[in-house]
Structures are given as C-alpha cells and as structure tokens.
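Engineer: Here's the letter readout for the chains.
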Amino acid sequence: MKSSKREELYGYIFVSPWLIGYILFIVFPVVYSFILSFCKYTLPFTVKFIGLLNYKEIIRDPFFRLSLYNTLYYTLFSVPLGIATSIVIAIILNMRVKGVSVFRTIYYMPAVISGVAVSLLWLVVLDPSYGLINYILSLLHIRGPLWLQDPKWSKPALILMSLWQSGGNMIIYLAGLQQIPEQLYEAATIDGANNWFKFWKITLPLLTPTIFLNLILSIIGSFQIFTQAYVMTGGGPLNSTLFYVLYLYQKGFQSFEMGYASALAWILFIIVLMLTIILFRTSWRWVYYEAEVK
Amino acid sequence: MRRKSSRRYILILLKYLLLITGAVFFLLPFLFMLSMSLSDPHDLFQIPIKIIPRRLIWSNYREAWVGYYPFNLFLKNTILITAIFIIGQVSVCSLVAYSFARLKWRGRNFLFTVLLSTLMLPAQVVIIPQFIYFSKWGWINTYYPLLIPWIFGRGAFPIFLLRQFYMTIPLELDEAAKIDGASYFQIYYKILLPLSKPALGVVAINGFMFQWNNFFEPLIYINDKTKFTLALALRMFQAGEFGTYWHLLMAASVLVALPCFVIFFLFQKYLVEGTIISGGLKG
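Protein chains in written order, with numbering that gives the first Met the number 0: chain D, 0 to 293; chain X, 0 to 282.
Derived from the structure by calculation, the hints contain no laboratory data.
Think of the CB as a built atom: it goes at the ideal place given N, C-alpha and C, for glycine as much as any other residue.
Incorrect hints may have been included.
Claimed, not checked - To give an idea of the chain D side of the interface with chain X (calculated C-beta under 10 Å), a few residues:
#1 6
#2 14
#3 28
#4 88
#5 91
#6 98
#7 101
#8 106
#9 111
#10 121
#11 131
#12 229
#13 257
#14 263
This is chain X alone, in the form it adopts within the complex (with noise of 0.2 Å):
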C-alpha cells in the first residue's frame, strides 16, 4: 500500500520535471531577448556572458522605438492594414462560407473542393504575375495589393473554418426564420452571425497574427519609406544605416511581438476552439 503510493508520488514529479524541462526550452529565448533588450550596450559582447543584466535599462525601449525611424508611423501603418484586413476577411468569408454551408446551388460542391485546393497551391506561382499586373495598376507602394486579393479570393482556410462552424447550428432556426418572411441576408446577418462569435473570432484572430507579421508581400510592393509596416522597419533597422544595436533591435522586437501575446493571452480559448472545430478538415 506504502509502496503503491510512493510510486505514485515519483510518477508525478516525473511528470513535472518533464513538463518543465520543456517550458524551459521553450522560454528561455523569449527570456534572453527580454535580458539583452534592457541591457547597457557595453556588457552585451561580453564573455562569460551575462544572462540577468547587471542593472535593467528601460530607456532602451524609447530609444527603439523612436530613436532611429520613427516606429509610432509604422505602428498605425500596420494597425491600418491590420484592421481593414480583419474587418475585410471576417465580413466576405462569413458570407461566403454561409453560401457554402446553408444554400443549395448547382456548382456548390464542385467549387468548394476548388476552394480546398488553393491551400495546395504555393503563393509564388501568383505572386509574380499580380506584381506585374499590379504595377500596372499603379498599386506599387499602397496596401491595395496585401488587402484586396487576400480579402477576396484567398481565405480558403477561415471559409472552410466557417463553414465547418455553420454546419453545427441547426437547420431548423433557418427554415423558421424564412417562415417569418426573413430574407436570406437577414438570416444570416441576424441568425448565424450572432451564434457565430467564437468562430469569427478565430478567423479574427489569425488574420491578426497573419497580417501583423506578414513580410513577403510588403517587401516587394512597399518601397516608402513612410508607408513601411512594423515587419518591415524591423529589418530595416537590423540591416540600417545605424549598424546593428542589438539591445535596441531586441527591444524593437518585443514590442513589435508584445500585441501578439497580449491578443494570444486574451483569446487562447478561442484559438483552441477554432482548432477542434477546423479538425473537421482531416479526412
């Protein structure tokens, strides 16, 4: 009996060791980059070197972040794409996916599995001919070309999310709401939406992630200066005409990230959620 439970016991603190050897691997860059980020420049090359900096310099961050470029501009450049794309991606998908899920129209099946398959397809087979076609259009140093053909025509990953979600909500409250003379738009703007939160909040969240550390796209149509976003400046200042101050590049860093976690933070729930539901995918 003794026995029996001291065995238990090891059983557990095993367990914990193993959980924490992990956390450690997987926190400790994140606490490295926090201690290089409030470090005096002069112990950072240093050997042995020094993991808890001797005294903590706050002043780094303002000088990051408004010593060199001017990071608040990047900052509401990025928060203007990042907006508009959510609001963009949120309000096309659920309405795609809602003709996807709950209306019956020849073709439906068919360009639905064509929606699948853009997952398939690599971004650089497109890539080239949008920039050739969007230099045309004068859409070189605008947002237009990281909005408009990820709003329509991509999303094929939050349609399916949505559409997966849709399929969960019963039919019934449809068919009586068409009963009571709804149209079709109402039942969807006054029925699915609002039984929808936790589901568009998903497609939210990881169009936020997406967009906010987008990089490809910006560094071929975004050549000015003043319309950089944060991902940009960030290698800007990493390959700038400063050099390179690495306690200052960290510190740039975390603050670029911190929105991130802090969304991550708020909303892990909902991230696990959208995961179990867009499990519907396997298969």
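In isolation and in its complexed conformation, chain D is listed as follows (with noise of 0.2 Å):
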C-alpha cells in the first residue's frame, strides 16, 4: 500500500514538467484565445468586449473566403495526392533489388530540409525562364506555365513542391508494408491471385490503419501552410496562395488585429476539429483494425 502511494507520487512528480507546460503554454493561451476571439484588442494591450462582431465580420470578410478557399483547394489535391505518392514510392522501394537502400536515401532526402531553404531552392526551380521545370518541359517542347506568376498555377506549383517532399511519409508506409505478414502473400500466390489483386486485398487494408493517422496529420499540418506561401509568393499573385494561416498572421502579427485573429484562428481548430471527428466516425468504414479478425 505504501509503495504504490510511493510510486504515484512519483508518477505525479515525473509528469509535471510536461503537465505544467501543458497548463501554462497550452490551456491557458487557448482559454485566453477564446476570449480573445470575443474583443477587440488595441496596442499596447488594451482589450474591449465586443461579442460577435469579430465572427460576423469574418464572415462577410472576402480574404477569409479567399483564403478558406485557397487552403480546401490545397489541402484537397496535395494530401490525397501525396498519400498516393508515398505508397507508390514505398512500394517501389519495396522490392526485392540490389541496391534499393541507395534509392531510399535518395527519395527521403527532400524531406530532410524544410522551411525557408526549400522555399528558396523551389523558387528558382519554378522560375518560368529560367528554372529547371520549364527547362526541361521546353525539352520536350512544351511551353511551360508561368507557375507561382500565375494565379491559375500557383497552388499547382506549390502542390507538385509538396509532392517532392513526400519522402517522409514514404518512411512511415515502408514500415508499414514491411509490417504485413509474408504469408499473406503466399496463401494468394497459392490461390492464384496476381498482384493488381493482392495489392487491392491485401496490402492496401492491412495499410489503411497507417493511411488512417497519416491522412489526419497531413491534413492538419496541410491547414497549417504558411512558410512557402511567405517566402516564395507573399500570398500572391492575386492573392492566389493566401492561404489561411498567412492571412492569420497578416491580421494578427502585422495589423495587430489580435482579437480579429484570435477568431480566426478558433475558426481554423473548429474546421480542423470537425474534419477529425468526421474522418474519425467514418472510420470504420474503411479502416481495417486487427483486433476484428482475433
């Protein structure tokens, strides 16, 4: 009795460096936000009640629309896109050939570098005269897009730049696919099953678990697009790439519109929030988990 005492007390004590944190750095600043959300907030710190006004005012907003839309339309094709590129390239590396390990650093590295030095590499490889895309389209002969200088093709470049960084989630489905049971595999061979019919009964559900996780994480960080936007187009052109998260911090880091931002910010978590929990109750539709078949 007195040991277990003992060993919650040390569970309590071991915890807190995080749990602390975690009241101080997170519920606090979400509770604040909250509030915030409701008020007008003027340099230096003066906050005013105000109700609603920010939310009916976001609504009516243009740029709020604009850059809802702007981030749906990316969140929709670079997820879904980058998922399929991630188990493609896992099951290319997948195969049983000398030297596959070589090709697997080589596609992981793009996810090696972000932020601001992928931005600026991209910038120059999407450069409509002088940049490496055109370059060899013009090899092809074809004429190239105006990608980030046009806003039909801006969020296209910055989905196909989120392509080539799908290394990191290759990883994770690599681990997967080597996960699945070899037996599987032979019991179809024995069947008389080809591989287009394997890869849709076998090893497509027995990954649909880490397509589950993968697929919530991708689309909350893809909500979250910001750094190439503000590096490589400043939102533009024609405000093409103001994604959400720029008009965020547009709003509360420039115009210092805190309150107006803070209930844009509680927009995009309860966006994000009903995507999960949807995502999360259909679920089971789709995704295959273990524990039914023991």
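Fit the two chains together into the complex; they arrive one by one in their own frames, and the hints show the way.
Structural biologist: See the structure below:
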C-alpha cells in the first residue's frame, strides 16, 4: 500500500514538467484566445469586449473566404496526392532488388530539409524563364506555365513542391508494408491471385490504419501551410496563395488585430476538429483493425 | 526455360528504370541548386540555361557566408538554440514518458489522451495569446519563446514515441532494481535511459530538424538582427537590401541545409527504426 502511494507520488512528480508546461502554454492560451476572439484588441494591451462582432465580420470578409478556399484547394489536392505518391514510392522501394537502400536514401532526401531553404530552392526551380521545370518541359517542346506568377498555376506549383517532399511519409508506409506477414501473399499466390489483386485485397487494406493516421496528421499540417507562401509568393499573385494561416499572420502580427486573428484561429481549430471527428466517425467503413479478426 | 529467364531480366530492368526515374525527380532540384550556387552570376539568367556551369566558382560560398551578412553569428545563434532545445526536450520528454509508461497513478490514461489530443491543436490557437503574454514578460527578442513552451507542454510526439519504446523493455528489470533498493529516478536514469538510446536518438534528430528549420516563431519573436537564426537570415538575404543574388542565395541555402543532410546520412538507420516504433500510433 505504502509503496503504491510512493509510486503514485513519483508518477505525478515525473509527469509534472510536461503538465505544468501544458497548463501554462496550452490550456491558458487556448482559454485566453477564446476570450480574445470576442474582444477588440488594440496596442498596447487594451482589450474591449465586443461580443460576436469579430465572427460576424469574418463571415463577411472576402479575404477570409478566399484564404479558406485556397487552403481547401491546396489540402484537397496535396493530401490525397501526397498519400498516393508516398504509397507508390514505398511499394517501389519495397521491391527486392540490389541497391534499393541507395534509392531509399535519395527519395527521402527532400524531406530532410524544410522551411526557408526548400522554399528558396523551389523558387528557382519554378522560375518560368530560367527554372528547371520549364527547361525540362522545353526539351520536350512544351511551353511551361508561368507557375508562381500565374494565379491559375500558383497553387498547383506549391502542390507539386509538396509532392517532392513525400519521402517523409514514404518511410511510414514502408514500415507499414514491412509489417505485413509474408504468408498472406504466399497464400494468395497459391490461390492464383495476381499482383493487382494482392495489392487491392491485401496490401491496401492492411495499410489503412497507417493511411488513416497519416491522413489526419497531413490534413492538420496542410491547413497550416505558411512558410512556402510567405517566402515564395507573399500570398500573390492576385491573392491566389493567400492561405489561411498567412492571412491570420497578416491580421495578427502585421496589423495587430489580435482579437480578429484569434477568432480566425478558432474557426480554423473548429474546422480541423470537425474534419477529424468526421474522419474518425467514418473510419470504421474503411480502416482495417486487426482486433476484428482475432 | 530460356524465355522465362529473359522475361525475368526485363522485369528487373523495368524495376531499375522505375527506380532511376524516381531518383531523377527527387535529385534534379538539388543538382540545379548546387549548379546555381557554383555559377558565374552572368551565366545565370541566360537562355538556354546552362545546367552545368561553365566553370565552378567556389568563392560564391565564402561571399554568401561573410560577404553581406554575418552568417557565422547566425550559425552560432542557431546552434545555441538547437542545442539547448535538444538537451531540454530529450531530458523532459524521456522523464515524462517514463511516468506514462512505467508508473501507475490515477488519471494517467486520461492525461495521456489529453497529451495526444494536442497533436490536433493548430499552433495558431495558442500563438496569439502566447505572443501577448510573452511580450508582457519581456520575452521579445529572446530565445525563451522558441524554447520554453516547446520543451515543456508541447512534445506530444516525442513523449509518445519514447513511451512506446519503453513499453517494449521488460518490466522485470524495474522490479529487480526496486528489490535492490533503487529509487524510481535511478530506474529511469540507470536502466531505461541506457536501453533507450535509439529512441532518444530519434527524438534528438527530429528535434534538431525542427528547431534548425523553425521559421514561424523566430519570425514573430526575433526582430534584432544580431539574434537572427539561419532560417530568418536566409529570408532576409532573399528580400534584402542588396537585391537578390541568386547564386549567393543558393550557396547560403546549401550551407544552411548541409547539417540536416549530414545528420540524416549518419543516422538514417535510427530514423527508419523510430518510424517503425511510432507506427504504434495507428488505430
């Protein structure tokens, strides 16, 4: 009895560095931000309660709608395409050929760097006249688009850039693939199944738990796209890459409308939360759980 | 018999063709970056572009690093932040994970769910209030906002990863040490930590990659140019008063990204292992 009390005490002591930090740096700010979203905040540090005014204004704000649209567009393409690319690469890298580990390293390399350096690199890669992509297209006698300078092509350009960094997720799927028991494939082969059938009936179903987790984390990440847009386009051309968090940053940290920005942050939070809940609620339809067969 | 073996060779050839096509897609942008960083600036903006520079100008690198901005200073700042961050995060998260994995206390499962739920919370919800009270505390232009909230309070992912790893270590080791009179801290420090080096390595590497490249928070909190990090400095170089010298900007980017590559090449085995451990997050 005494020793279990001691264990409990030490449990609390050891968890406290995180717990205290969590209360100070997560719980307080979340509550504070919720309150702020109903306030008008003016520098320096004066807060006035204005009720739902921020939210009413946001609903009418064309930049809010545009930034939400841009972010949804980006998410809708970059997340599914990213997952598909990662899975395809993982399957290719799971082939048993000599030297495959060298290729794994190469494929993973773009995911190693992030942030400003990648954005600068892609800024030159995407340059319409002197960039790599349009140079390659010109070798094929295709006239490349203006990419980041064309409102129609700026988001696809950033999506392409995100696909280049699929290597990080590829590793997750590779790990998932390597955990699929070999016997399943052997049994299927004996039953005369071809590779296509094996992929759809064995590989993909057994990867669904990995896909599910990756899908949720990718959506959350994709809703927060910021650095690329900030460094490469500043939101342009014609606000075509004004993403949600970039707009929030402009409101909060450039025009210092902290109350308005907090309301924007809460709307983002609610959207992400709803999406996550919907995905969890519908996951039983398509996510395979091993416990079901045990 | 013969036909079968030639079919196999074609299959292997196709596999390599596929692998090489992919490798070209992933590698070419890097080669393009390297080539630009070594080019004569007069050759850069000419059509047709030269993928291979006429001659390699290595002095671009020195010019980029010390010619316009004191990148050595930014390097020192970034190393300082990253080092403190890694040490802090590894010590805090490994201890917290020990409590979650090995000790029994009331509310543990509930708090663990709370911990995991922070993965869903967009950083923007907390960043505005944090900015307000950090500026009241006089934390603007200090490194505290980049370090303190991230070492304490955040870190859901590293704590989770370490907890999963600890769960694979037999509990009998703890029991035996307890009988020998070891305290809980000694069990953590003398038994679990030495056995968890691969997982701690993964946490350290991820921490390095995150803090080395972190941009959003330095952008908000650091205005004093002498306190800039490398990521901020690159951005300043790009939008800077000297115009955009693409060959120098690429050279600086290569140098800033280089430590990430070195660490990746040295420890890639650990990174893959870490991913497999954290695969337990599914479901």
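Engineer: Hint by hint, note whether the structure agrees.
Structural biologist: Hints, verified against the model:
no., hint, in the structure
1, 6, "5 Å, holds"
2, 14, "4 Å, holds"
3, 28, "4 Å, holds"
4, 88, "7 Å, holds"
5, 91, "6 Å, holds"
6, 98, "8 Å, holds"
7, 101, "9 Å, holds"
8, 106, "5 Å, holds"
9, 111, "4 Å, holds"
10, 121, "7 Å, holds"
11, 131, "4 Å, holds"
12, 229, "8 Å, holds"
13, 257, "5 Å, holds"
14, 263, "8 Å, holds"
Every hint from the earlier list agrees with this structure, and none is contradicted.
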